[in-house]
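Chain order of the listed sequences is S and U.
First residue of the first sequence: 1, per the numbering used here; consecutive thereafter.
First residue of the second sequence: 1, per the numbering used here; consecutive thereafter.
All clues given are correct.
Pairwise CB distance ranges, derived in the manner of DEER restraints:
(1) K187/U / A166/S: 54 to 64 Å
(2) E66/S / V260/U: 54 to 64 Å
(3) Q291/U / H171/S: 57 to 67 Å
(4) D77/U / A94/S: 41 to 51 Å
(5) F248/U / I191/S: 41 to 51 Å
(6) G229/U / Q52/S: 56 to 66 Å
(7) S255/U / Q52/S: 25 to 35 Å
(8) P194/S / D331/U: 56 to 66 Å
(9) P71/U / A67/S: 26 to 36 Å
(10) S255/U / I191/S: 26 to 36 Å
I should point out that these hints are in silico values taken from the structure, not numbers from a laboratory.
For every residue, glycine included, the Cβ atom is placed at its ideal position computed from N, Cα and C.
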Amino acid sequence: MMESVLILGAKSDIGKALAREYARHGYDLILAARDAGTALRDFASDLRIRSQRNVILRSLDILSVEAHEDFYFSLGKRPAGVICVIGYMGDQTAASKDFREFKRITDTNYTAVACFLNVVANDFQRRRKGFIIGISSVAGDRGRKKNYIYGASKAALSAYLSGLRARLYPHGVHVMTVKPGFVKTRMTMAIKLPPILTATPEDAARQIYTAQKKDKDVIYVKGRWRLIMGIIRLIPERIFKAYCNF
Amino acid sequence: MGESASVIMRQKVRDFSAWGRYPRVHGELVYGVSPEGLASLLKSGDPFIPLGNRRSYGDSALAARMLDVRPCNYMLDFDPDNGLLHAQAGVLLSDILETFVPRGWFLPVTPGTKHVTVGGAIASDVHGKNHHLDGCFSRWVKEISIILPGGQVVSCSRSKKPELFLATCGGQGLTGVILEAKFYLKKIDSCLLKQVTVRTNNLMETFDAFEQYRNMPYSVAWIDGTAKGPKTGRGIFTSASFMKGGDFDYRPHGSMDIPVDFPTFFMNKALLSGFNFLYYHRTQERVSYQQVVDIDTFFYPLDRIGQWNRLYGRRGFVQYHFILPKRQSLDGILEIMREIDRSGISPYLAVLKLYGMENRNLLSFPLEGYGLALDFKIQKGLFDLLDRLDNKVAARGGRLYLTKDSRMNRKMVEKGYPGVWQFRRFRRSHDMDKMFQSLQSRRLGL
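Given these sequences and hints, build the entire structure.
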């Protein structure tokens, strides 16, 4: 029987690219997103035709945390791996005044995702196999003036994944953290991004797949972000707060 | 992350050109085709032209405002019983090959590059080396779904809204934005072909080769554009058919990129006569011989060099692609090649093909006869020469391929395409002329 991968947030460009990448390597797919049945119908047809794999669509609102367990255990065939691509940038200015926007950013990027992964982790630990990939962000490596609320939620996710990795390691379950820098998506198509720091969703998917097969722990997309974020983290706070206005 | 496909996004305005890199237009490319986005684009009232993978040569897909349909690239359904594929307009033929050749299916008709979209293939009503038997791409299209100026999405076929169908196939994107199409793929028994090669000494012999091998499904001839006098029209004729038994291990060729624009003087007479001489004499024997070739080698030799158009340098090139009725072909082509020779301007690549029956589409290029495609670097005196050639083509009842054109005048299109009047009337009566405009449609009053 074919192994399957569950992708949360499959409507995003990286989610779609990952679905194509895993299908290309012979996995069946379960794609979860809000209104997956309508929003991903054409994408799923395309994926089925191109890859000849089974593609199942499941609607999931990640913020309905009470429904997570039912959702996961009703999947029938349990997935070999779970990839969470969910992310919500939000509006920093609004979030610094409006609690609802703040909560939406924090819940979407961290609280709700972590709740879902708890369910998966417990199942994988029992079965003593599986992999979990969480898409975090370079924004979580250091809080910056422009997007520290989003960054803080991604920092929480990175810390969560790090702990989860240590917990599941002895049980043969692998947890990988992915920190993308710039990714060329539909939303950023019109913005000029520095080419050497910008990955296409397809690049990102290939890099993530290869890294997962090699059991990498934390990867940056593209890899050179590791050096950049390393340097940014080293900047002393008194300089960072005064001069680093990005 | 991008969840709002309905948002229309604009790329920074810049200079655009198509494959010939001539002309250039300062324009705006609009992305993000969704029903809502398209509706608002149409409502804005500013004219635009849908654009695929920009492999047309001239200005048929260029305008101040262009709509990129490539993001719509999903295959929606495939019926393995009859080969019917339902695909969105932005799907590339190369994607179809990669998906279906390993399963024993091939494109019913393919142009000389696989880097074109389904929408582009319909709008140009492309043809291939099998035109004499299998016609144009549109022959294999069952149904097209298209969005009209008013924003309504309609489907058309030979029986449903036939007028729209006949105007859209070959209509250069001027009747609406093609969104989806259903068309038949063709069953093959192998991904390899058996190829026959014949070296010919003059145009008469080249024609004879076409006639002799007219039952072979695929045929084409490369013509030595630098040969003169009694050798005019000599070349290498190849024809092929898919093998009966065999595997489907299709490996698309990688391509070598031309990373920079070559200087304009690179493609010069000396280099080209040298190349033509070597290419012609590479085929040692005059008699035909057989060899086994794969799909990419036979159908897409030029795709091996990514962006080979850069070899012509910054100023770009024109492909003069004309066709003459069969009984005019021999004299007509000889006359045209003599005229070119007198001008001192050399074509760099010349490809000859025997075409089959004309179809009923208003602006499709092929008619029964011989067609010749000549690549010319943009240079002094070229446009005068091409005007003189236009007169000769028109006088013999021939026409030029709109998809390759960047410079013909209204008279030329009116003489070559009797359907152009009906096409104009049809566009006007459906307000398509106000909404869908390219540099070419404005130049030719389409």
